[in-house]
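When you get a sec, could you build the whole thing from the sequences and use the hints?
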Amino acid sequence: MSRSFVKKSLAELPSSGIRRFFDLASTMRGVISLGVGEPDFATPWHIREAGVYSLEKGYTNYTANCGLAELRREISRYLRQNFQLDYDYDREILVTVGASEAIDLALRSVLEAGDEVIIPEPCFVSYKPCTVMAGGAFKTVSTREADHFKLKPQDLARAVTDRSKVLLLSYPNNPTGTIMTTSELLQLARIVEQHDLLVIADEIYSELTYEGEHVSFASLPGMKERTVLINGFSKSFAMTGWRIGYAAAPGEIIAAMTKIHQYTIMCAPIAGQMAAVEALKNGTGEIEKMKAEYSRRRGLIVNGLRQIGLPCFEPRGAFYAFPSIKETGMSSREFCEKLLQEEKVAVVPGDAFGRCGEGYIRCSYASSVEQISEALERMGKFVQRHAGKGAKAPTSTIPFAEIAR
Numbered sequence: 000m001s002r003s004f005v006k007k008s009l010a011e012l013p014s015s016g017i018r019r020f021f022d023l024a025s026t027m028r029g030v031i032s033l034g035v036g037e038p039d040f041a042t043p044w045h046i047r048e049a050g051v052y053s054l055e056k057g058y059t060n061y062t063a064n065c066g067l068a069e070l071r072r073e074i075s076r077y078l079r080q081n082f083q084l085d086y087d088y089d090r091e092i093l094v095t096v097g098a099s100e101a102i103d104l105a106l107r108s109v110l111e112a113g114d115e116v117i118i119p120e121p122c123f124v125s126y127k128p129c130t131v132m133a134g135g136a137f138k139t140v141s142t143r144e145a146d147h148f149k150l151k152p153q154d155l156a157r158a159v160t161d162r163s164k165v166l167l168l169s170y171p172n173n174p175t176g177t178i179m180t181t182s183e184l185l186q187l188a189r190i191v192e193q194h195d196l197l198v199i200a201d202e203i204y205s206e207l208t209y210e211g212e213h214v215s216f217a218s219l220p221g222m223k224e225r226t227v228l229i230n231g232f233s234k235s236f237a238m239t240g241w242r243i244g245y246a247a248a249p250g251e252i253i254a255a256m257t258k259i260h261q262y263t264i265m266c267a268p269i270a271g272q273m274a275a276v277e278a279l280k281n282g283t284g285e286i287e288k289m290k291a292e293y294s295r296r297r298g299l300i301v302n303g304l305r306q307i308g309l310p311c312f313e314p315r316g317a318f319y320a321f322p323s324i325k326e327t328g329m330s331s332r333e334f335c336e337k338l339l340q341e342e343k344v345a346v347v348p349g350d351a352f353g354r355c356g357e358g359y360i361r362c363s364y365a366s367s368v369e370q371i372s373e374a375l376e377r378m379g380k381f382v383q384r385h386a387g388k389g390a391k392a393p394t395s396t397i398p399f400a401e402i403a404r
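Going by numbering that gives the first Met the number 0, the sequence shown opens with residue 0, and the numbers climb by one from there.
Be aware that a few hints might be false.
[Claimed, not checked] Derived EDC-like pairs: lysine to aspartate or glutamate, alpha-carbon spacing no greater than 20 Å straight-line:
hint, residue 1, residue 2
1, LYS288, ASP161
2, LYS325, ASP146
3, LYS7, GLU111
4, LYS149, ASP114
5, LYS164, GLU69
[Stated by the list, open to error] Beta-carbon label-pair distances, calculated as ranges:
hint, residue 1, residue 2, range
6, ARG79, THR180, 43 to 49 Å
7, ARG354, LYS288, 35 to 41 Å
8, GLY284, HIS194, 38 to 44 Å
9, GLY298, ARG79, 30 to 36 Å
10, GLU192, ARG79, 37 to 43 Å
11, ASN81, LYS380, 39 to 45 Å
12, GLY298, THR180, 17 to 23 Å
13, LYS288, MET265, 33 to 39 Å
14, GLY284, ARG28, 36 to 42 Å
15, ASP85, GLY134, 40 to 46 Å
16, SER3, GLU287, 48 to 54 Å
17, GLU210, ASN64, 36 to 42 Å
18, GLN80, ALA145, 32 to 38 Å
Honestly, the hints are just simulated from the structure, not real lab data. Remember, it's a predicted structure, so these values are computed and weren't measured experimentally. By construction, the Cβ of each residue, glycine as well, lies at the ideal position given by its N, Cα and C atoms.
What follows is the structure, encoded as structure tokens:
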């Protein structure tokens, strides 16, 4: 071939750091994966049944581009009831193929070539690539463990330039599990208003907040008209494979997002949309059960990581722990590669989520207590074996399965 036909900016994008370790782990036998952020719960039966029933009734057609009217009404009701947000289901809500499509659509709808997106790190791996693919430029802002990985207003203010157009926020945060309080978000909101920024608020983990209440950025005074709220059903309702998400925003932005959506996707799958209706109508009880179990696992993994010599900030939301591995003397990638090869435990290197994630690893606790306990046992052996490189030896000899009980 005389030349490459692949777009240069796309060819230069790195592959997902999460996917690389997941794919590697899938080729090995006996691996415990704490890598991918996917609930180990099956979608609650009554939600699955709604999807099955829709197929049995022959609902296999397209829906409106923006999604089933019934689902949009339920989303509007849910946002009003849970987050004090008032969105017109007919003009201000779009149903998408997962929250990931909603993020992509939002960026493509508002960015002109060279517009700047401010992205606090560590962050979800798709934010920067989606910005580039939308024709924008990203500017990262590092957060620090000393600040509980929260975006500080002075750091945001320093990052703003004449090209800045969007602030991309994600709380509860992936990978750190950090949440933000109302007063902290209000400080950011003042800077957003001062510099006339749009906020894309990825709140996919909103229901998985363990301490305090989740505060939606759009609910702050004056922020609804300058916020694109992103959410979905994957995490809170254990519906990852159904691929149903949504965006709520001012009508002008939703109309622009819908144009792209209708030309590229047409609509989200109807069976998934009908299952999502059932989830919103009757699924909140299952959310509370799953949330209670995640909170139990959170205590197990955080305490376990500390006991084996890996200091760990206590996450307040999502289902990830983000321990420091700096005392081992290894880089994040070296630690993860050796842990996978030697003990068959898959975790994700922190630098996959941004440069300031170096020195950390992400461990998902969306796995069973038994899997987490066994993973901690193996990780303890690994840390002890490499303690000569600077790691502290484990402080407990009690099997983690016993601690879990």
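Which constraints among the numbered hints does this structure fail? Numbers only, ascending.
Structure breaks hints 1, 4, 5, 6, 10 and 15.
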